[in-house]
Amino acid sequence: MPTLLSSMLLCTLFAWLLFGIVTAKSYRWVQPTLLNIDPDQASKLILGWLSLPPLGALITTAVMYSPDLTQWLVAGHCHNGSCQQHGPQSALAIWPTAILASWICLSIGRCLLRQWLSLRHLSAELSRAGRNAGAYVQLDDPQPAAFTLGWFNPKIFITTGMQSACSDQDIDCILAHERAHRDRLDNLRLLTAWLFTAPLPRSWSTAVLDDLRLSCEKASDLNAAQVSSRESVAAALIRIARLQRPASPAGSLAFAGTQTERRIRALLEEPVVALPNEYVFASVSTALLVILVIINPLHRAIEFLAQVGVLGS
Amino acid sequence: MTNKKGGSLSNTLPQLGELELAVMQALWARPEQSANSLLQALPQPRKCSLSTVQSTLERLHRKELVHRTKQGHAYVYSARLERSQLLGRLLGGVIRQLHTGSLDPILSSFVDFADRIDEDTLDRLDELLQKRKLERRVDN
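Protein chains in written order, with my numbering: chain S, 807 to 1119; chain A, 118 to 257.
Worth flagging that the hints you see were computed from the coordinates, not collected in a lab.
Take the hints with a grain of salt, since some may be wrong.
[Unchecked claim] Some but not every residue of chain S turned toward chain A, in silico, with C-beta under 10 Å:
#1 L945
#2 P960
#3 L994
#4 L1043
#5 I1046
#6 L1049
#7 R1051
#8 I1070
#9 L1073
[Unchecked claim] A short list of chain S residues far from chain A (calculated; beta carbon distances all over 12 Å):
#10 L811
#11 V836
#12 I843
#13 K850
#14 L858
#15 L918
#16 A1013
#17 A1093
#18 N1102
#19 A1107
[What the hints assert, rightly or not] List of simulated lysine to aspartate or glutamate pairs, EDC-like, C-alpha gap at most 16 Å:
#20 A/K187 - A/E149
#21 A/K248 - S/D1017
#22 A/K180 - A/E137
#23 S/K850 - S/D1016
#24 A/K250 - S/E1037
#25 S/K850 - S/D1017
#26 A/K180 - A/E135
#27 A/K248 - S/E1037
#28 A/K187 - A/E175
#29 A/K180 - A/E199
#30 A/K250 - S/E1075
#31 A/K248 - S/E1076
#32 S/K961 - S/D989
#33 S/K850 - S/D989
For every residue, glycine included, the Cβ atom is placed at its ideal position computed from N, Cα and C.
Pulled out of the complex, with its shape left as it was, chain S reads as follows:
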């Protein structure tokens, strides 16, 4: 039983790594489409894309170790005279797998705990130091800032500096934008994406996480535009970007093509085009088909690696 469990775990980790490489390398092919569709739909699809390595790995393992399914998907072969359907097993992989899995779980748990403590501490301090103004917490500070903080029950914070520097219309846009973040649970969405990519090198997922954040911002901008207009939200963004420029730390460089610029251009130039459901269905079906098709080569690859000693057999 420990051999089977450690082999399944090893298979999951191996598949996670493999799918992680594939999704990281192929993202540039889907990126232009994702950035040009309805941002609300894009944020869901990007999260789906990021969930492919862990979910794909779990599905692959479940299928690979299910005798009923492997008889259709894995070419028959024998080991030491036994020709029964089987999942790849490696007796000596128990300890390396246990250590690797424990290390991954511990590092994710530690990062998550640090984020949670940071959130709890910040939320408590800001809520206590600020004044509850109903829909938001008002912070009596001259620095212009407005943000939504939290995962499950996010709170909106806005400084008096922001309120005094902006018109009523700007404040309406800002509050509508932050309310959209709160209602869409965008911080929780970003946390989930961050967890999906945590065991893989950060550089593999930087572009995808940036695009997810951009899509969440664009979706919230469009929600705010329903309260006023696209031009009003763009005007508020330009005004706040100018206000926040002096807050940049010394030595930081300014450059064009930033997320703020892309958000403003999306508001002023891009129509909202939703990807037809048929495309989404076709993409999910393709992903599942790919998983089924790679079961046989993956089974053989893991057995080969176990035989040559890379995976510990």
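Fit chain A to the given chain S structure using the hints.
Positioned in the frame of chain S, the structure of chain A alone reads:
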């Protein structure tokens, strides 16, 4: 703001627990209070023993967030930082962390503080905005 030795106090805010914040709030509401009167001033869910309040005040004093002067047998405490100063430091900390990206999964800002957009780009976007407004007016 200077410390006892005449040097300037650090701009970074030490982490404050919930009771420490509640005590600071009580001191902002009524400056110059003893531990005993602070215990009475704390809101109902925060009720705790006198020794807990005293150790909280000791911690706040070590963090240089409260002054204390001896009156008779007891210390009288007052806040060294105004509510707005504390907020300024808190927000300063938040903005610094936003620049490093360490708050990414927990906070969404209206305009990303880490975004370094230059003035020329903002001017160009402003021109584009004016053009769109004009087009909309003509359409209407």
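Subject >> Violations among the numbered hints, reported as their numbers in ascending order >> reply: 15, 21
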